[in-house]
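Chemist: Sequence:
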Amino acid sequence: MMNVVVVESPAKAKTINKYLGPGYKVLASFGHVRDLPAKDGSVLPDQDFEMLWEVDGASQKRMKDIADAMKSSDALFLATDPDREGEAISWHVLDLLNKKRVINGKPVKRVVFNAITKKAVLDAMADPRDIDVPLVDAYLARRALDYLVGFNLSPVLWRKLPGARSAGRVQSVALRLVCDRESEIERFISEEYWNLSAILKTPRGDEFEARLVSADGKRLQPRAIGNGEEAGRLKALLEGASYVVDTVEAKPVKRNPSPPFTTSTLQQAASSKLGFSASRTMQVAQKLYEGVDIGGETVGLITYMRTDGVQMAPEAIDAARRAIANQFGDRYLPEKARFYSTKAKNAQEAHEAIRPTDFDRVPDRIRKFLDDDQLRLYDLIWKRGIASQMASAEIERTTVEILADNAGKKAGLRAVGSVIRFDGFIAAYTDQKEDGEQSDDSEEGGRLPEINVRENLAKQKINSTQHFTEPPPRYSEASLIKKMEELGIGRPSTYAATLATLRDRDYVTIDKRKLLPQAKGRLVTAFLESFFTKYVEYDFTADLEEKLDRISAGELNWKDVLRDFWRDFFAQIEDTKELRVTNVLDALNEALAPLVFPKREDGSDPRICQVCGTGNLSLKLGKYGAFVGCSNYPECNYTRQLSSEGGAEAESNGLNEPKALGADPVTGEELTLRSGRFGPYIQRGDGKDAKRASLPKGWKPEDIDYEKAMALISLPRDIGKHPETGKMISSGIGRYGPFLLHDGGYANLESVEDVFTVGLNRAVTLIAEKQNKAAGGRARGTPAALKDLGEHPDGGGSITVRDGKYGPYVNWGKVNATLPKGTDPQAITVEEALALIVAKAGKSGGTTKKAPAKAKAAAAGAKATKTTARPKAAAKKPAAKAATKKKSAE
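Per UniProt numbering, the sequence shown starts with residue 1, numbered consecutively.
No lab work stands behind these hints: they were computed from the structure. Incorrect hints may appear among the rest.
[Unchecked claim] Pair ranges (Cβ atoms, derived):
no., residue 1, residue 2, range
1, Ala-458, Gly-275, 27 to 33 Å
2, Ala-690, Ser-190, 41 to 47 Å
3, Glu-590, Gly-744, 49 to 55 Å
Just so you know, even glycine gets a beta-carbon here, dropped at the ideal spot from N, CA and C.
Make a model of the complete structure from these sequences and hints.
Modeler: Below, the structure written as structure tokens:
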């Protein structure tokens with residue numbers, strides 16, 4: 001008898017195979033085995049949201065291995081992870097195996113285990129179930145929603161906001177949180193306030209500090225003392241006052257432990273205590289979950305790390321209580337076990353909390369088997385898990401009220417101190433005692449000396465300190481995850497991926513562990529808030545998440561949810577077709593005024609051009625994104641880029657105005673260092689005919705002097721004549737980097753410095769090497785494709801973008817159509833390519849094929865969808881907007 005077991009990772013497969021023995025063959029799917037292709041038309045709203053899946057090459061091989069094993073097996077056990085994604089992987093695997101016709105009525109069971117231990121695995125195998133269809137439906141709905149948002153909203157951004165890369169259902173809302181916080185900081189107006197306190201001495205000679213809490217018969221609210229004059233008056237009152245203790249109140253307080261970790265609380269704790277990013281936390285946790293070699297045995301050290309549940313399994317609670325009694329003593333064991341309730345709205349996904357699989361594996365005992373990151377994270381999880389079942393800490397909090405009297409003018413002061421009488425669960429976070437004993441007098445916060453009611457106190461010193469209110473702090477990864485969880489945005493498995501996407505898109509950067517929105521991210525957010533308000537609202541996104549949870553609970557039909565969403569969303573997308581760029585710019589100018597028009601030191605109007613003095617500054621959109629320009633263009637060519645902090649990057653580099661470097665000795669024209677929409681550059685002379693040269697990569701504006709500027713502006717540089725051809729060899733810097741030019745052919749140089757230093761002999765050698773290489777390769781063949789746009793609607797082969805001797809061009813069969821000057825080969829769309837092919841075929845007499853008639857229709861705006869499964873049906877759907885190879889994450 002042989003059974004096939006499918007898990008996600010090869011590490012799990014190896015460990016589980018040992019647990020199950022020779023009657024089982026455990027194979028890994030390596031995560032998802034198929035996904036929606038990253039192109040338009042993968043979800044078809046007009047065909048009841050049919051989804052066209054694609055299996056990549058690596059997954060095809062793995063599925064073949066699983067299918068081959070199934071041919072000689074008796075049963076299939078799907079043992080992927082115990083969450084929505086894991087359920088989806090099992091569903092995909094089963095669907096593909098059914099299509100390969102290898103199941104043939106054999107039993108198929110789904111098994112889930114929350115920890116990779118022998119007991120957990122064997123218990124799960126003994127209690128299998130069927131695939132949870134509502135959970136799969138929730139996955140399908142989430143995947144379709146994310147696709148429909150990403151592949152319909154992103155093209156709108158590309159058309160209306162060049163330089164923006166993508167938008168996403170959760171990604172854009174998380175970005176809005178970061179950008180809204182930045183706007184709060186920019187609008188924040190700091191206010192002055194003062195704090196007063198007195199250093200007092202008891203009759204026994206002990207000193208302590210008490211702060212002012214009331215004066216003139218009124219309770220002082222926080223920051224109530226708003227200026228130095230008021231602070232001075234109250235300080236004078238305290239300086240001449242006598243002090244007497246009015247009341248002393250000692251109150252016992254119990255402090256309870258926190259529940260074990262969920263995904264989000266683990267990410268937050270690892271960020272604040274260990275400095276881990278969310279992605280790093282999950283990577284390390286994955287290794288601890290899948291298993292570590294402990295003295296020759298591979299075992300999982302923690303339970304599954306993607307969960308929003310806070311409760312431990314009953315057997316784990318019993319194990320934790322035994323460990324507490326053994327390691328800390330009976331006093332640290334509460335009479336009854338602690339039970340925690342989850343905030344998860346969907347019980348099906350409220351799995352067990354993250355905890356150690358064995359509480360007897362104290363971090364110090366397995367230290368030698370773990371690397372530093374694994375040990376630190378395991379230590380965090382073990383302590384939180386064990387502490388969650390320990391006794392409460394008992395704290396005595398003492399509050400002393402003091403009266404100050406200065407010739408009838410009275411004030412009140414307060415001193416507060418705490419003492420830990422019994423540390424309870426806090427012992428798990430401090431040095432562990434073999435006998436469980438801890439000092440009963442350890443302190444929490446400040447400790448007060450002995451103070452008695454009605455005794456007089458001696459004044460030692462009055463402190464008066466000035467403060468200013470501070471803006472709210474920028475989000476860290478931890479605090480952003482916490483906020484997203486509070487708002488109900490995203491789910492445990494999505495937080496790390498969402499944050500990674502924001503960084504990858506250059507929408508945010510991390511500076512000193514704080515998330516700093518970049519100009520590109522703020523532009524995207526302002527655009528979406530102005531024209532897609534509903535879809536970046538926190539409540540709307542949270543409500544949609546709740547609907548997904550209700551789908552997984554079997555309470556809603558997933559396609560009904562998609563229909564409701566798509567109806568309004570598609571209408572909103574259609575409305576943007578009438579949106580003019582001027583409308584976009586006007587909205588962005590107002591929404592991002594502090595960023596676009598930062599205040600000037602001289603107090604002048606930041607919207608007036610400081611170069612010509614008459615033009616109005618405004619956001620403008622270029623090929624590579626947004627920049628600030630003057631309304632008097634082209635007479636005034638002042639431009640500057642946006643930066644992430646307070647306005648212009650050019651201004652931060654000191655280039656808000658041209659920097660004079662000296663005069664060209666030949667032309668007499670002034671050389672200046674400037675900053676434009678594409679970065680800093682050198683300019684010689686003024687006006688439209690002035691020569692310009694961008695600073696090469698790696699050159700910093702502050703390092704540019706007259707010699708470097710002259711060398712750069714004088715390019716191309718003549719090196720000498722080729723000894724064989726007699727033609728000049730020159731060097732320069734082009735679109736693709738530094739190069740040599742000879743007789744219409746190019747050869748690459750290794751560095752920018754070579755452009756200015758390479759000699760004739762070396763140049764001749766490099767040119768010869770390039771020619772020899774070309775002769776042995778594709779020198780006389782068709783250039784390699786830069787981009788494949790897919791099959792032509794009329795057949796006859798695929799449409800590709802290639803780079804030829806005279807620049808990039810579109811190729812289809814025998815038709816070669818040159819791209820317009822300045823067109824980015826990677827940005828060309830199928831519709832644009834078809835239009836170029838039609839135009840080229842027309843000029844050549846249209847003799848290539850009979851196809852151009854259909855191609856004209858396609859180029860004129862037919863909404864054809866490039867899918868292999870249903871090309872005719874897909875052509876009618878309104879969802880497809882533009883072909884793309886970009887994939888949007890949540």
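Chemist: Now look at each hint and say whether the structure bears it out.
Modeler: Going through the hints against the structure:
| no. | hint | result |
| --- | --- | --- |
| 1 | Ala-458 - Gly-275: 27 to 33 Å | violated, 46 Å |
| 2 | Ala-690 - Ser-190: 41 to 47 Å | holds, 44 Å |
| 3 | Glu-590 - Gly-744: 49 to 55 Å | holds, 51 Å |
Consistency with the previously given hints fails for number 1 only.
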